[in-house]
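Kindly produce the complete structure, drawing on both the sequences and the hints.
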Amino acid sequence: MLHFIVNWLAGTPSFATPYALAALGLIISERAGVLSLGAEGFMLVGALAGVATSLELGGYPAISLLAAMLAAAGVSLLFAFLVVFLRVNQVIAGLAVVFFCDGLTSLVGTLCDWTNRPITGLHAVALWPLSDIPVVGKILFFQNIVVYLVIPIFFLVNYVLTRSMLGLRLRSVGENPEAADAAGVSVSLYRLGAVVAGSALIGLAGGYLSVVDVKLWIPDISGGRGWIAIALVIFARWQPWRALLGALLFGCIEALIPRIAAAGIQVPQYFLLMTPYLATIAVMVWAAVTKFGRSSEPAALGQPHIREERR
Amino acid sequence: MSPWLQALILAGALVVGLGISATLLIAAGVKPSALFEEFIVENFSDPENLHSILVQAAPLIFVGVGAALAFRVRFWNLGIEGQMIFGGIAATAVSFYDIGPPLLRLPLMMLFAAFAGMAWIVVPLWLRVRWRVNEIIVTLLLNYVALNFLLHLLYGPWLDPKDNFPHSPQFRAFERLPELGLGISSALVLALVFTALSGWLVMFTRFGFYTKFVHDNDRMALAVGVPIGIVIFGSALLSGALSALAGFAIAAAQEGRLTQSYFAGYGFSGILIAFLARNNPIAAMVVAILVAVLFVSGRSLQVFYQIPFAMVQLIQAIIVISVAASEFLMRHRVHWVR
Numbered sequence: 001m002l003h004f005i006v007n008w009l010a011g012t013p014s015f016a017t018p019y020a021l022a023a024l025g026l027i028i029s030e031r032a033g034v035l036s037l038g039a040e041g042f043m044l045v046g047a048l049a050g051v052a053t054s055l056e057l058g059g060y061p062a063i064s065l066l067a068a069m070l071a072a073a074g075v076s077l078l079f080a081f082l083v084v085f086l087r088v089n090q091v092i093a094g095l096a097v098v099f100f101c102d103g104l105t106s107l108v109g110t111l112c113d114w115t116n117r118p119i120t121g122l123h124a125v126a127l128w129p130l131s132d133i134p135v136v137g138k139i140l141f142f143q144n145i146v147v148y149l150v151i152p153i154f155f156l157v158n159y160v161l162t163r164s165m166l167g168l169r170l171r172s173v174g175e176n177p178e179a180a181d182a183a184g185v186s187v188s189l190y191r192l193g194a195v196v197a198g199s200a201l202i203g204l205a206g207g208y209l210s211v212v213d214v215k216l217w218i219p220d221i222s223g224g225r226g227w228i229a230i231a232l233v234i235f236a237r238w239q240p241w242r243a244l245l246g247a248l249l250f251g252c253i254e255a256l257i258p259r260i261a262a263a264g265i266q267v268p269q270y271f272l273l274m275t276p277y278l279a280t281i282a283v284m285v286w287a288a289v290t291k292f293g294r295s296s297e298p299a300a301l302g303q304p305h306i307r308e309e310r311r
Numbered sequence: 001m002s003p004w005l006q007a008l009i010l011a012g013a014l015v016v017g018l019g020i021s022a023t024l025l026i027a028a029g030v031k032p033s034a035l036f037e038e039f040i041v042e043n044f045s046d047p048e049n050l051h052s053i054l055v056q057a058a059p060l061i062f063v064g065v066g067a068a069l070a071f072r073v074r075f076w077n078l079g080i081e082g083q084m085i086f087g088g089i090a091a092t093a094v095s096f097y098d099i100g101p102p103l104l105r106l107p108l109m110m111l112f113a114a115f116a117g118m119a120w121i122v123v124p125l126w127l128r129v130r131w132r133v134n135e136i137i138v139t140l141l142l143n144y145v146a147l148n149f150l151l152h153l154l155y156g157p158w159l160d161p162k163d164n165f166p167h168s169p170q171f172r173a174f175e176r177l178p179e180l181g182l183g184i185s186s187a188l189v190l191a192l193v194f195t196a197l198s199g200w201l202v203m204f205t206r207f208g209f210y211t212k213f214v215h216d217n218d219r220m221a222l223a224v225g226v227p228i229g230i231v232i233f234g235s236a237l238l239s240g241a242l243s244a245l246a247g248f249a250i251a252a253a254q255e256g257r258l259t260q261s262y263f264a265g266y267g268f269s270g271i272l273i274a275f276l277a278r279n280n281p282i283a284a285m286v287v288a289i290l291v292a293v294l295f296v297s298g299r300s301l302q303v304f305y306q307i308p309f310a311m312v313q314l315i316q317a318i319i320v321i322s323v324a325a326s327e328f329l330m331r332h333r334v335h336w337v338r
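If you're matching them up, the sequences are chains A and B in order. Residues in the first sequence are numbered consecutively from 1, following our numbering. Residues in the second sequence are numbered consecutively from 1, following our numbering.
Please keep in mind that the hints were generated in silico from the structure rather than gathered at the bench. Among the hints, a few may not be true.
Claimed, not checked - Here are some chain B residues pointing at chain A (derived, C-beta under 10 Å):
{"#": "1", "residue": "ALA28"}
{"#": "2", "residue": "GLY29"}
{"#": "3", "residue": "LEU141"}
{"#": "4", "residue": "LEU272"}
{"#": "5", "residue": "VAL312"}
{"#": "6", "residue": "ALA325"}
{"#": "7", "residue": "PHE328"}
{"#": "8", "residue": "ARG331"}
Note that CB positions come from ideal geometry on N, CA and C, so glycine has one too.
What follows is the structure, given as structure tokens:
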């Protein structure tokens with residue numbers, strides 16, 4: 001039993017990492033008032049770019065992950081252009097971008113022959129001597145480098161959003177763009193920056209899935225994790241530390257699936273595979289029914305800003 | 001802005017979108033001179049291709065009209081694929097468990113499919129209306145749940161014992177939607193009947209007027225006594241039912257059994273069709289037929305040029321993006337300031 005629990009908990013951080021990264025990225029863009037429904041698409045682009053870089057260079061996981069971030073940020077420019085400058089309905093633009101990225105990645109992946117080709121990827125690093133502590137060592141200190149990186153990224157995002165002038169302006173753009181505009185903050189520029197920065201993190205989450213986790217590219221590799229991350233942000237009420245907790249919860253649920261199979265417990269596997277999605281829905285319902293704590297939902301989330309427009 | 005100028009802008013957007021798509025196709029290896037041949041001449045001169053377009057159009061009309069009905073009341077039904085899956089499952093269940101006499105078999109399959117679609121949409125619908133839970137995410141995630149349930153059935157109890165492939169046993173002859181001659185299948189006729197009914201519903205009835213009211217301003221609609229709960233529920237349930245009928249149509253007319261991925265890609269096509277048709281069922285039918293042309297051409301590109309079918313999805317997304325972007329020009333007057 002202890003063996004089962006240790007293995008399960010040891011798998012959790014690795015599964016939680018993409019959720020945490022994507023949710024943090026989403027929080028950045030949503031705090032600036034842009035509903036980033038394109039997350040699933042940005043993850044796919046990041047995942048393909050990461051594997052492609054690895055295949056073409058023959059390794060270099062760090063460069064691959066950087067390429068994943070850059071590629072997702074690049075595609076997000078299209079989304080940002082649509083919603084920030086052309087004021088396209090953010091739901092329509094987000095959906096279109098998801099399907100654009102979905103089609104683009106499976107097309108490019110096939111045409112360039114990057115599909116289903118394994119890469120070396122990134123391996124777990126033992127933080128010796130901490131990793132030799134019984135039980136805790138295996139769970140906390142025998143993970144790959146990106147898992148450890150989530151912690152500084154989290155503190156950075158949290159610090160910038162809540163403690164810096166940059167974050168204050170970014171949040172003001174999301175809460176009340178008219179007031180921010182009157183105060184001399186460029187709404188368009190801040191929203192553009194927030195979308196691009198957030199998408200880079202979402203792309204890193206996608207790159208993590210393909211380069212670190214699965215170690216190859218297949219179409220639709222993200223399997224709805226982008227959507228789950230969006231739900232996670234709603235559940236987290238747009239607060240980074242709650243998003244981190246939510247990501248851990250989902251990592252726990254997802255890490256349980258292979259453990260149950262490995263332990264030889266007889267559960268129909270397709271019902272097991274439904275659990276992350278059902279858990280997401282359950283969590284969304286719970287968040288809607290119980291109005292716990294303070295919500296940081298940006299007041300102008302999803303609304304385009306047009307100077308001097310009558311409302 | 002005059003309707004003519006709007007139409008001009010829309011046409012311009014379509015030209016830009018198609019131009020980008022053509023560039024992509026050329027980059028993927030199609031000869032520029034062959035483009036016109038592949039998309040226009042091949043499709044409309046060859047009776048066989050014309051027939052495939054009409055066959056392909058039926059499910060696309062169902063999902064397009066279904067999406068339009070939901071979007072009319074601002075219910076973002078992204079669960080079209082899940083509803084299609086359950087439509088197919090319910091229809092197949094009628095066949096698998098031999099429910100009803102042969103004469104009533106097809107109507108029963110249809111009825112079961114429609115109810116299954118409604119049952120699958122009622123959860124996100126209720127959550128949205130009662131608790132304001134975001135229906136975009138819930139309907140979308142339910143697609144993954146439905147997909148896993150389908151795979152469970154196909155790899156488990158419904159596995160075809162004849163060949164051990166993960167699809168259901170073949171439907172019997174009286175469980176298949178018949179061809180009516182002249183290349184017209186009864187699935188297409190059904191799709192047209194439902195389009196006409198939906199068109200009548202939204203254009204000529206009080207219910208249709210209410211959907212417009214709810215779409216434009218639901219708080220105002222509530223204030224003047226429109227039963228917005230009933231309107232949203234009714235419209236979205238119909239959307240679920242029509243999407244499920246698309247699944248039924250593919251299973252009973254095209255495949256003749258339940259397969260693994262008969263629904264793939266229809267969800268987005270439904271959204272695209274409803275968006276381009278401005279949520280009007282009759283216009284949705286026309287757009288659906290055009291999308292069917294794209295689908296059929298995409299399949300021939302797959303065969304002759306080894307271009308993955310994902311290209312069709314990419315082209316659809318590019319067209320949506322260019323049309324959505326063009327609305328900026330319709331809503332704003334642009335003048336350059338130096």
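- Hints violated by the structure (numbers, ascending): none
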